[in-house]
Amino acid sequence: MDISTKNPEEAPPPTPEPSTAERKRTARGATRPGDRIFLGISRGSGILLLVIMAAIAVFLTYRASLAISKDHANFLTTFEWNTGLVPPKFGIAVLAFGTVVSSIIAMVIAVPIAVAIALFTTHYAPRRLRGPVSYVIDLLAAVPSIVYGLWGALILVPHMIGLFGWLNDYFGWTGIFSWEEGAPRSMLTVGILLAIMILPIITNVSREVFRQAPQMIEEAALALGATRWEVIRMAVIPFGRSGVISASMLGLGRALGETMAVATVLSPDFIIHASLLNPGGGTFAQNIASKFSEATPFGRDALIASGLVLFVITLLVNGAARLIIARRAEYSGANA
Amino acid sequence: MSNAAVADKPVSTLQGATLPKWSPYAIAGGSIVVAVLIGLLGSLDSKIQWGLIAAILFVVGTYVIAARVEGSRQAKDRIATSLVWVAFLLAVVPLVSLLWTTIARGVKVLDIYFLTHSMGVVGDTEPGGGIYHAIIGSLEQVGLATLIGAPIGVLTAIYLVEYGQGKLSKAITFFVDVMTGIPSIVAGLFILSLMLMWDMQPFGFAGSCALAILMMPVVVRSTEEMLKLVPNELREASLALGIPKWRTILKVVLPTAIGGITTGIMLSVARIAGETAPVLLLVFGNPFINNDPFHGAQASLPLYIYQQFAQSAGSGAAYDRAWAASLTLIAFVMILNLVARGIARWKAPKTGR
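Protein sequence lines correspond, in order, to chains A and B. Take the first sequence: its position 251, counted from the start at 1, is 251 in the working numbering, and no numbers get skipped. Take the second sequence: its position 191, counted from the start at 1, is 1191 in the working numbering, and no numbers get skipped.
Don't take each hint at face value.
[What the hints assert, rightly or not] Sample of chain A residues with no beta-carbon within 12 angstroms of chain B, all distances over it, derived:
1) K70
2) D71
3) P87
4) V101
5) Y124
6) I176
7) E180
8) G182
[What the hints assert, rightly or not] EDC-like cross-link-like pairs, simulated, lysine to aspartate or glutamate; straight-line CA separation at most 16 angstroms:
9) K1021/B with E1070/B
10) K1076/B with E230/A
11) K1245/B with D35/A
12) K291/A with D35/A
13) K89/A with D71/A
14) K1245/B with E1233/B
15) K1347/B with E1162/B
16) K1251/B with D35/A
17) K1347/B with D1320/B
[To be verified] Just some of the chain A residues that point at chain B, by a computed CB distance under 10 angstroms:
18) V108
19) I272
20) A274
21) D301
Derived from the structure by calculation, the hints contain no laboratory data. Beta carbons: idealized from backbone N, C-alpha and C, even for Gly.
Kindly generate the complete structure, drawing on both the sequences and the hints.
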């Protein structure tokens, strides 16, 4: 029919001379060719997204299976990454450990601070400060990760020496905080940098939750003589708990997959260090980025195999976060 | 909000003793002075330690004084207030430090020469050279990614908002949400596994494909939000005039939401412009100018920063270039952000409030 009637000067209403049969159909809805084509295109795009997700899983699994089938060591528990050996031996034990440890450090630091900042913007900041504070957090989110990496490696790392010495002096006996005078390119530094990087997303999502906390209950609590902190503890935080949990998991997803900031800051090796302060270890993403340029085709398949593990982990974390958040459909971290 | 006023309520007979309004400032001043004294006497050379000591003194001092004068509930409230302020200031410190170092070190070599020359004949550790090739690469890769990602994202959002009911749209919504969390390096590995199938060498467009994958879910989400803001009355009025649904969407719904959609697309462009990992895997980097994104390795700004940092063995000239490129990249991203927010404010859909 008339897909060509796109020129704006034409009056929009009825199509030129519809036969009675056509008029019946148009009254019912999406049976006009224009409608069908448009619906087809837009539904096609949606399906394309699903196909891409499926293709990611399929292709990564296929390339990974090529590599793992030739691995002469247990892929999950091996502490080395030698794809060039004649029976190749490689495993993800160190990478999985490093990824989890750095992300946990990042979460431990970032979640309380992010929740506090979210409360600051919703309940504490003077009214005229609220806009600028949100803007500062958005600025933190807008800085590209490679710039964080450069800043982390050249500015943050030298500044960590003092903290590391102090931790070693007073908490070195625990084992996790002992330090043998190397450059502080270690898991703790990585964790701190990751914490700065995931702060904005946790803050933004938590802020949206806290903003939705029922005003009536807060006012009732205030009227009963509660202090501001008691209002937050009794009315705001219980309301926002599930939102904060899913916000944290979104942040965790970011921390798990962060590549460049880790690759620039960490000095990697394939040993699991008990101390968070001694340089070494590695993460999935960092290992892929640093090993890639020298990798043989087989080595690339092995890196894809480790990437598949990372993909599955982030999929699970994000899926769980989204399931929690799905109960409150109004906000999402996509724009954070 | 009402609770801000409560803290400043004038003293009345119904209330216990309260600290005067200037007391937080006085405690803050006092703790800074004590911290500086401790710092000088203990010869602590790190100013960060001075700040930390001051912060701890402030929190403890507030608690002790408030607990004595006002009682423990008010003291807890004051502690929470100061901790929340400390958290906010803690977040500002890295941001200020990052922006300050980037600007201070970036302006050293950032000039017209730097923007218009490549690294073609300059060794990694020598001074000189520039980022022209990287800017070209970034613009082409991000541009192509936007050409692929933005239409697919917008159309998907249209499907979800205007047509979507049932299982398919639920599945799409869920996987779009999950897709926002895909690490960029995984998107890079996916395209890499495709390239390995056909034994292809790195080229710019491969990077664009990975960036498009990262961009799509962000565009879908922001477009969805905007389309949901379009009042239903507009759609109903248009449909009541007998206009087909597809023309209603194109001529009524999209123009109403176009400001927000543009904002969303620009924010997602700003995000993918800073992505390094997929570009590292797929485009590989190239010190020479390559204007053709479909053949041969290219450079890109984030990748250039990484390579200047990683391949220079600590050379000052390379670090200067890395900072200058960072400044360029941050400026580009910030300008995109600012313009996007400007458009959002200027063209915000009139929701009839």
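Each hint tested on the structure:
1. With a least CB separation of 15 angstroms from chain B, K70/A remains clear of the 12 angstroms interface cut-off, as annotated.
2. The Cβ of D71/A lies farther than 12 angstroms from every Cβ of chain B, with a closest approach of about 17 angstroms, so its non-interface assignment holds.
3. Even its closest Cβ contact with chain B, about 22 angstroms, leaves P87/A beyond 12 angstroms, as expected for a residue assigned away from the interface.
4. The non-interface label for V101/A is consistent with chain B: the shortest C-beta to C-beta separation is roughly 17 angstroms, beyond 12 angstroms.
5. Not every CB of chain B is more than 12 angstroms from the CB of Y124/A (nearest about 5 angstroms), against its label as outside the interface.
6. Against the 12 angstroms criterion, I176/A stays outside the reach of chain B, whose nearest CB is about 21 angstroms from its own CB.
7. Once the 12 angstroms rule is applied to beta carbons, E180/A is consistent with being away from chain B; the minimum gap is 21 angstroms.
8. The claim that G182/A lies off the interface holds: its Cβ sits roughly 16 angstroms from the closest Cβ of chain B, which is beyond the 12 angstroms cut-off.
9. For the hint linking K1021/B to E1070/B, the alpha-carbon distance of about 13 angstroms falls within 16 angstroms, and the restraint holds.
10. Straight-line distance between C-alpha atoms of K1076/B and E230/A comes to about 9 angstroms, which keeps the hinted pair within the 16 angstroms bound.
11. A distance of roughly 6 angstroms separates the Cα atoms of K1245/B and D35/A; the hinted pair therefore holds under the 16 angstroms criterion.
12. For the given pair, K291/A sits about 50 angstroms from D35/A by alpha-carbon distance, which is inconsistent with the 16 angstroms threshold.
13. Taken as a hint, the K89/A and D71/A pair is honoured in the structure, with Cα atoms around 6 angstroms apart against an allowance of 16 angstroms.
14. At roughly 14 angstroms between alpha-carbon atoms, K1245/B and E1233/B fall within 16 angstroms of each other, so this suggested pair holds.
15. Annotation: proposed proximity of K1347/B to E1162/B is violated, straight-line Cα distance about 21 angstroms (limit 16 angstroms).
16. Restraint check for K1251/B and D35/A: the C-alpha separation of about 14 angstroms stays at or below 16 angstroms, so the hint holds.
17. At most 16 angstroms may separate the alpha-carbon atoms for a hinted pair to count; K1347/B and D1320/B exceed this at roughly 40 angstroms.
18. Residue-level restraint check for V108/A is violated (minimum Cβ-Cβ distance to chain B is 14 angstroms; threshold 10 angstroms).
19. The interface hint given for I272/A is broken, as the beta carbon of that residue sits about 22 angstroms from the closest beta carbon of chain B, more than 10 angstroms.
20. Proximity of A274/A to chain B is violated relative to the hint, the smallest CB-CB distance being about 27 angstroms (cut-off 10 angstroms).
21. Contact between D301/A and chain B, as hinted, is supported at the beta carbon level, the nearest pair being about 7 angstroms apart and thus within 10 angstroms.
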